[in-house]
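Participant: Here's the letter readout for the chains.
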Amino acid sequence: MENTDKSLLDAHRQGDATAFAELVRRYGDSLLGYLMRMSGNREQAEDLFQETFKRVHEKAHTLRSEHFKPWLFTIATHLAIDGLRRRRRLKVVSLNQKLDCDEGRCEELSAVAVADGSCEPSQETVRAEQAEQVRLAIESLPDRQRATLVLAYFQQLSYAEVAEVLGCSVGTVKTQMYRALKTLSQRLPDVSEEIK
Amino acid sequence: MKGHLTDKELIEYQFKLASDIQMEEISGHLESCAKCREHLEQLKEKFAALDLLREDVKVSEDLVSQVVEQVGKPARPKVVSILRPRWIGAAAAVLIVGLILLFANLTEQGTRYGPVKESPTLHSYGDGALDKEIAKKPAERLLVTRAKEEKAELEGEFEQPSGHGVRRGATASQRVPAEPGPPFAPASAIELVTLPRRDKVQLTIYNSADLTLVRERRNLTLKKGWNWLQFMWANTLIDPTSLSLEPLEKADKIDIQQLVFPARLRELGRWLIRSEVSGKVPFEITYLTSGLSWRAFYMGTLSQDEKTMQMQGYVRVGNNSGEDYENAQTRLIVGKVHLLDEIAELARRQYPYGSPWPIVHDKKYDYSALIVADELSFKSRSGVNGFFEDKELRRKEITKEGLSEYFLYTIEGTETIADKWGKRLLSFEAEDVNVTSLYKYDEERWDNQTIRFVSFANDKKHNLGEMPIPNGTVKIYSQADEPVSPSASRGGQGYLSYVGGTGIKYIPVNEEVELNLGPARLVKVEPKLMDFKTDNYVFDHKGEISGWDEIRSWQIEITNTRELPIEIEITRGFDTAYWTLQADIPFEKHDATHARFKLNLEPRIERTFEYTVTTYHGLREEVLP
Numbered sequence: 001m002e003n004t005d006k007s008l009l010d011a012h013r014q015g016d017a018t019a020f021a022e023l024v025r026r027y028g029d030s031l032l033g034y035l036m037r038m039s040g041n042r043e044q045a046e047d048l049f050q051e052t053f054k055r056v057h058e059k060a061h062t063l064r065s066e067h068f069k070p071w072l073f074t075i076a077t078h079l080a081i082d083g084l085r086r087r088r089r090l091k092v093v094s095l096n097q098k099l100d101c102d103e104g105r106c107e108e109l110s111a112v113a114v115a116d117g118s119c120e121p122s123q124e125t126v127r128a129e130q131a132e133q134v135r136l137a138i139e140s141l142p143d144r145q146r147a148t149l150v151l152a153y154f155q156q157l158s159y160a161e162v163a164e165v166l167g168c169s170v171g172t173v174k175t176q177m178y179r180a181l182k183t184l185s186q187r188l189p190d191v192s193e194e195i196k
Numbered sequence: 001m002k003g004h005l006t007d008k009e010l011i012e013y014q015f016k017l018a019s020d021i022q023m024e025e026i027s028g029h030l031e032s033c034a035k036c037r038e039h040l041e042q043l044k045e046k047f048a049a050l051d052l053l054r055e056d057v058k059v060s061e062d063l064v065s066q067v068v069e070q071v072g073k074p075a076r077p078k079v080v081s082i083l084r085p086r087w088i089g090a091a092a093a094v095l096i097v098g099l100i101l102l103f104a105n106l107t108e109q110g111t112r113y114g115p116v117k118e119s120p121t122l123h124s125y126g127d128g129a130l131d132k133e134i135a136k137k138p139a140e141r142l143l144v145t146r147a148k149e150e151k152a153e154l155e156g157e158f159e160q161p162s163g164h165g166v167r168r169g170a171t172a173s174q175r176v177p178a179e180p181g182p183p184f185a186p187a188s189a190i191e192l193v194t195l196p197r198r199d200k201v202q203l204t205i206y207n208s209a210d211l212t213l214v215r216e217r218r219n220l221t222l223k224k225g226w227n228w229l230q231f232m233w234a235n236t237l238i239d240p241t242s243l244s245l246e247p248l249e250k251a252d253k254i255d256i257q258q259l260v261f262p263a264r265l266r267e268l269g270r271w272l273i274r275s276e277v278s279g280k281v282p283f284e285i286t287y288l289t290s291g292l293s294w295r296a297f298y299m300g301t302l303s304q305d306e307k308t309m310q311m312q313g314y315v316r317v318g319n320n321s322g323e324d325y326e327n328a329q330t331r332l333i334v335g336k337v338h339l340l341d342e343i344a345e346l347a348r349r350q351y352p353y354g355s356p357w358p359i360v361h362d363k364k365y366d367y368s369a370l371i372v373a374d375e376l377s378f379k380s381r382s383g384v385n386g387f388f389e390d391k392e393l394r395r396k397e398i399t400k401e402g403l404s405e406y407f408l409y410t411i412e413g414t415e416t417i418a419d420k421w422g423k424r425l426l427s428f429e430a431e432d433v434n435v436t437s438l439y440k441y442d443e444e445r446w447d448n449q450t451i452r453f454v455s456f457a458n459d460k461k462h463n464l465g466e467m468p469i470p471n472g473t474v475k476i477y478s479q480a481d482e483p484v485s486p487s488a489s490r491g492g493q494g495y496l497s498y499v500g501g502t503g504i505k506y507i508p509v510n511e512e513v514e515l516n517l518g519p520a521r522l523v524k525v526e527p528k529l530m531d532f533k534t535d536n537y538v539f540d541h542k543g544e545i546s547g548w549d550e551i552r553s554w555q556i557e558i559t560n561t562r563e564l565p566i567e568i569e570i571t572r573g574f575d576t577a578y579w580t581l582q583a584d585i586p587f588e589k590h591d592a593t594h595a596r597f598k599l600n601l602e603p604r605i606e607r608t609f610e611y612t613v614t615t616y617h618g619l620r621e622e623v624l625p
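If you're matching them up, the sequences are chains A and B in order.
Position one of the first sequence corresponds to residue 1 (this note's numbering), numbered consecutively onward.
Position one of the second sequence corresponds to residue 1 (this note's numbering), numbered consecutively onward.
These aren't lab readings, by the way, just hints derived from the structure by calculation.
Quantities reported herein were computed from a predicted structural model and do not represent experimental measurements.
Take these hints with a grain of salt, some might be off.
Some chain A residues judged to face chain B by a derived CB distance under 8 Å, without partners named [what the hints assert, rightly or not]:
{"id": "1", "residue": "V24"}
{"id": "2", "residue": "G33"}
{"id": "3", "residue": "E46"}
{"id": "4", "residue": "Q50"}
{"id": "5", "residue": "R135"}
The C-beta atom is built at its ideal place from N, Cα and C for all residues, glycine as well.
Work out the full structure, taking the sequences as your base and the hints as a guide.
Facilitator: Structure follows, in structure tokens:
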């Protein structure tokens, strides 16, 4: 039987080093995806990822219920939003960033395009541009709306779970989601059939 | 529903944001309205762009490792601090005063307006009730217990938790049997004494057995009472069964109670120390480790006349133990050590004394596992000093006893030997070691090659003899050009040429050693068979040959193309013990079947000598005395 999240966290608190690694692996992909969509940058997402699990480690004793996943995403959301605010105040450019990329984004985008492998190079370029437009559109959303959209649409959390993560009511989540979608409907690019 | 659906309604429908009733209404409308269906499709197409960012993101194993490393230390359990901020005290004081005033006011009112029912809340915290309340909060209870214990210790007592009795004024060693057991080994690093940097470290490296004894001196800061000291050996080759801890001062006031290997926590051990003193105390930690090694090698530089040699001995110490040793006094053991256990194997074991899990456990933390570990560690103890009495370790004491048989080679001063580093250290240097160069020719051993030898003795006469010379390799160089100064003739300057190298075995003091430097290109020996005949046949009664002599005449040509005079030793074998020899130079019978010629040749000279050997066969063998 698979260990519950809580039992793994408890085992970690008792000093079992493998338990924490199991938790990281269990939620790693999902969390990193969320943070990448929130931050728009893999490097920052990985920093936030590390910071999130560091907080999980530090605050492990505060988790009383079995709801580890919403708790994890709550921590990640707070960190991501804080990070976004800091970034807005202080433009951060990584020294590792490729010089030919705009704000460090092309690496992820090209990775998306190449990974598919089904497109022609020209289509890949178009697709990469569109993906960039989508990313910019999402980035333009207010933080809470963005978090709501990413959690509900990309991470496929239920609205109730999103509400738990964001610490608000389901009604508020739906309102935020609607506002986000309304904004996006005006900003998202038209995706042609062949590229879809 | 009147008219067509709005964008808002369609979005809410598509993303299930609408209420159930609205969803049904919209669904019903869409069934009957083609335009709205088309509008919905357009919206879906628009939002399909979001899927461009729906790629799978995978966490790399590196990132997982980084995260796990980052939180490598066990999580901090929640501990409520006794030392609350000052303002809490002030607030509590205000509250209490307020309550007193309120109570006084109520009492006054009660007196005025009649009796007031007592508050059950206030009374529930009467005698013993507080303990009950605390019992609901294990973390706080633990804290209070410790607080009580610490308070008692400050008063000079060693009070045990209730039910275990108190012994006043007992010494640390006396207290041990009466104590019910040490405090439970904390699962986290909290309250552990931090292991400070080493003050001194001594390494005794046995290269023959991949074994090193490490003795470290560290100043530990102890608090009065129980102390846990954590020692970790992750990623090292330390043998955890060999760990030992001894106070170097105040030994009568410090009692090393036990070494615990907590279950679920790997590659760490925790010493439980009972201390009657607080503050810094020097301790010695000893253990055995694998991965440190040393080997000796030597460099000899022959003088131009090749009669003396400057000799330097080096020791190369390598460290693959996983641990850095800074400023370590390094001692090397020369000689073989008999070991029953491979330290590296012991170090790699998951659990120091076998698995602490007697049965298959689920993931839930099981305290019995630790008890098993404790019992094992207690079983291995016999006496206060503990672990070196262990059965497994008694085997190692054999090696310790044997130490006096071996030679201890101490490197002067201290050296820093970092992990994965090697270090070459000069072990000795001797000037003007008298050497003898000798060329040897023996077809049975080296075919038709002349081999060069250099020999010397490890004694005072040769400016050596202070210590045995450990096994190692020797490389011999010689001056390749004219010296530019008198000192150069002793190898101080001038160019060197490589003469040859060889391995040497352990050379005790006063023993002679001969170094084989390999084939000599400038000294050649060419034997030529000049004549062969048989003679003196003996026949038996049937007329068949029953004995005869073989007579061979040999010419040996020796060419010395060197600039130096040489001494050469030529050994000739005859395949029989029945032989006689006539030669135009002196020879000696080396053994039953060999004769040996020794010659001194001047520089750049060619010399020839001849000999005739008669070998006797069959009945002719009886001719010889």
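Participant: Which hint numbers doesn't this structure obey?
Facilitator: The structure conflicts with no hint, since it agrees with every one listed earlier.
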